[in-house]
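Next come the chains, spelled out residue by residue.
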Amino acid sequence: MITLKEALTLPAEALKEIRDDLKKEIAAKKELGAYVEQLTNQPIGEYGEGIPIALKDNIQVKGWEVTSGSNILQGYVAPYNATVVDNMLRRGLAPFGRTNMDEFAMGSSTESSFYGKTLNPHNPMCVPGGSSGGSAAAVAAGIAIAALGSDTGGSIRQPAAFCGCVGLKPTYGKVSRYGLGAYSSSLDQIGPITQNVEDAAILYDIIAGHEPKDSTSAAMAHESVADKLNPDRKMTIAVIENYLNEASSEVREKMLEGIKALQSAGHTIVYRNFINSKYDIATYYVIATAEASANLSRYDGVRYGNRHNSDSLKEMFIQSRSLGFGEEVKRRILLGTFVLSSGYYDAYYIKAQRARHFIKAQYEAIFQEADLIFMPVTPTAAFEFGSKADPLEMYLSDIYTISLNLAGLPGISVPLGKNQEGLPIGGQLIGQAYGEQALLDGALSLERALGL
Amino acid sequence: MEFEVVIGLEVHAQLNTKTKIFCSCPTSFGDEPNTNVCEVCLGLPGALPVLNKEAVKKAIALGTAINATINRKSIFNRKNYFYPDLPKGYQISQFEIPIVEAGEIYIDFEDGTKKRIGVTRAHLEEDAGKNIHHGNVSHVDLNRAGTPLLEIVSEPDMRSSEEAVLYLKKLHAILRYLDISDANMQEGSFRCDANVSIRPKGDTKLYTRAEIKNLNSFKFIQRAIDYEVERQSAAWEDGVYEQEVVQETRLFDIDKNETRSMRSKEDSAEYRYFPDPDLLPVLIPEDMLAECIQIPELPDEKRDRFVTEYGIKAYDANVITASVETARFFETMIEHGASPKNSVTWLSVELQGRLGNGVTIMTSPVDAATLALLVKRIEDATISGKAAKEVLDYLMQNRVGVDEAIETLGLRQMSDEGALVAIIDAIIAANGDKVAEYKAGKEKLFAFFVGQAMKESKGTANPSKVNELLKARLH
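Here the protein sequences line up with chains X and B, keeping their order. Counting from 22, one number per residue, gives the positions in the first sequence under this note's numbering. Counting from -4, one number per residue, gives the positions in the second sequence under this note's numbering.
With the rest of the complex left out, here is chain X (with noise of 0.2 Å):
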């Protein structure tokens, strides 16, 4: 598959050329099931005649159906363009297909997709990750020259190291969520998955940028990285020694490995600790559902998605969410508004908010002596579907990635090689808030070192 910055060197017949051959390539790949499209057996939707690029089906598309993976959301046509859509079609990238996700985002392989299953496309029996599995498996499969994914936990990083793609989470509130299908607000953010670290900085600098409409988006010009990108900048570089210590040895191999590229490339690495990601887990686990079970409130029945009709209003908004929302979604729901509730707010909410800062300020210590951060980006590499049917197994899955989002900070998940069954593993890069510049030139300089 070409590249994105080969891509926008090419003409308009070119360009026409691709999408007909990915067309064809996503119809021949179907059981892969990267694409909505491809497991309900409709066409791939398109918008505009830009550079094709794949968009998780939580990006608001004017026209399309976009549905966040869930059934609630079925016949839901979008009236207007996310701001990352928008941005992407000023600068000649155009949307092409949704991507299958994790119903509302909310998981960690892509299984609770009201669509159905993405194969991972380096082993149909594994995950591709998620919940933006259907993006990385499109763009690692060769049916996506680049596609956009949303990351509230690590959902962007975890399936590009699951499918050895490169994944990026931008400083929240460097690209706006305007548009996109909310989770967890303070936490979502949209970044891109893509073939290489280039291509990564050239789309990030595509979709970034501040937006009116978006209160919580970054109030300052956006300053492109693409063309700025330096991998032979010399950076302190601190590895988390208690991550590396306890992740499966597969995984501590190919850190170990990357630890040993990052040294050849003339970077210095230091040792730090953090505390123990139980802490992540758990502060996590209450605001992002605290936040979900607001922001899910709007799929009621009432004005659009799946209504289950009834007599009584009560029974209409019980019906409509408890047969519209998957086991996953309600979970989360359910937990959210436990932990919101009189009694239970001080305890849970407001001591999450408290950890919250704590957490952050780890970052900050860390930062006063090291330029980025280099951990795991998963415990383990892709694991197998129906394998971690415990919901609380499954949430530690996403133990490394989910305390760059309680900090809003940037982070990229970079392929570090393959282990021995040919599973991709990935390695992740942390940068300060607003520091992508360091971060891509330290994840390119990583990428050129591996040299895979």
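The reader is advised that the hints may include incorrect statements.
Claimed, not checked - Heads up, incomplete: computed chain B residues facing chain X, CB under 10 Å, no partners named:
{"id": "1", "residue": "Leu39"}
{"id": "2", "residue": "Ala42"}
{"id": "3", "residue": "Leu46"}
{"id": "4", "residue": "Tyr76"}
{"id": "5", "residue": "Phe77"}
{"id": "6", "residue": "Pro82"}
{"id": "7", "residue": "Lys83"}
{"id": "8", "residue": "Tyr85"}
{"id": "9", "residue": "Tyr266"}
{"id": "10", "residue": "Tyr268"}
{"id": "11", "residue": "Leu278"}
{"id": "12", "residue": "Ile279"}
{"id": "13", "residue": "Pro280"}
These are calculated hints, taken from the structure and not from any lab test. Each residue gets a CB set at the ideal place from its N, CA and C atoms; glycine is no exception.
Fit chain B to the known structure of chain X by using the hints.
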């Protein structure tokens, strides 16, 4: 037993911003359903709110007017509940830190005394849409959803339904003077809920309160509170207070003139307030505060000024300043040269007496300049006060100028001595017997001659001139 009534009021005032509080849809009233809506106020996936600064400015103006604390940092929360007219399933409102806190409003009694009513808080929030029921089918109109509201909560400081109404009227006047709300009760831009409880006189603790909703006129508010006080007192006297008076929401039934239980506290909603992560804290910068605390003259100030500056009676000043429109009308009359005293009479008695049936001071066919000219025509003796009433009647029906109306009606006072003398001489000639009686001492008959002269002149004779001429002729 003698009871004391304890009333606290919550007012929802729609702010008259051009656009909604979190999106740029217009805030107009009475449009085709669901036409002033967008992805934000419809609660579509992915849409985000942006605070309308104008709503913040108007809230600051109110805070300034009621001597309140303006919180330089306030927070928007989500208030969670399901209802078809609430598109997001939560209302964006303010909870822990409202923009306005700890204010006061003074109410004036007819005897000239005042009372301070505390205002606990005023916070910004978005209005919901409207459910419209047609038999078995219900429709939702979301034009109103997202209209900025200021919820103004009083302390439980009112002790009678009269005080409650005085408070509401004063608050209403303040909102109108500041021009921050249309405050139209019929259109729902000024809505009131009343919390009512009773206690034995002398007791200081607060007893169980009932919250009465659906109060859309001052008259109904008074009636609803009176009914509720009566219900609670009767329950106490009958020894069933505990059973009958529970903390609950009651609806006022206008037709039956009673309040009815709507929902009790047991099934009252758990709102799960938490800070809205889509919005930043509201920070009011110094320059914005400085700009917003510059507010227009308020009803009390204007009233006091009218008394000292124009020498009108305190009672009249109160009546005229009770509404900003009347006060402005009065001031315009003065600007056009009418005397304050006559302006009071002609505005608050004559003009007001001719309004009604949907015609208000704002839609009056006779504007302030016209009424001022009419007053001036009395003052310069062009017409009599009596004739002026006829002219005003005519002006209410016909869009013409004052002078044209006077001419058309032929009501210009006859001050020309020659014409009057001719009329008087004719009367004297035709009533020789009465002239004789008068001259013989029956002085009462003087009024008869005046009446005849006025009749002959079709009321246009200047009465004092007639008197003067008659006296000279009859002696």
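Hints, verified against the model:
1. Leu39: This hint holds: B:Leu39 lies near chain X, its Cβ roughly 7 Å from the closest one there, short of 10 Å.
2. Ala42: 7 Å, holds
3. Leu46: OK, holds: B:Leu46 within 10 Å of chain X, min 7 Å.
4. Tyr76: 9 Å, holds
5. Phe77: Constraint on B:Phe77 satisfied, holds at 5 Å.
6. Pro82: 6 Å, holds
7. Lys83: 5 Å, holds
8. Tyr85: 5 Å, holds
9. Tyr266: 9 Å, holds
10. Tyr268: It holds, given that the least Cβ distance between B:Tyr268 and chain X is near 8 Å, below 10 Å.
11. Leu278: It is violated, given that the least Cβ distance between B:Leu278 and chain X is near 12 Å, above 10 Å.
12. Ile279: 16 Å, violated
13. Pro280: Status violated, d = 14 Å.
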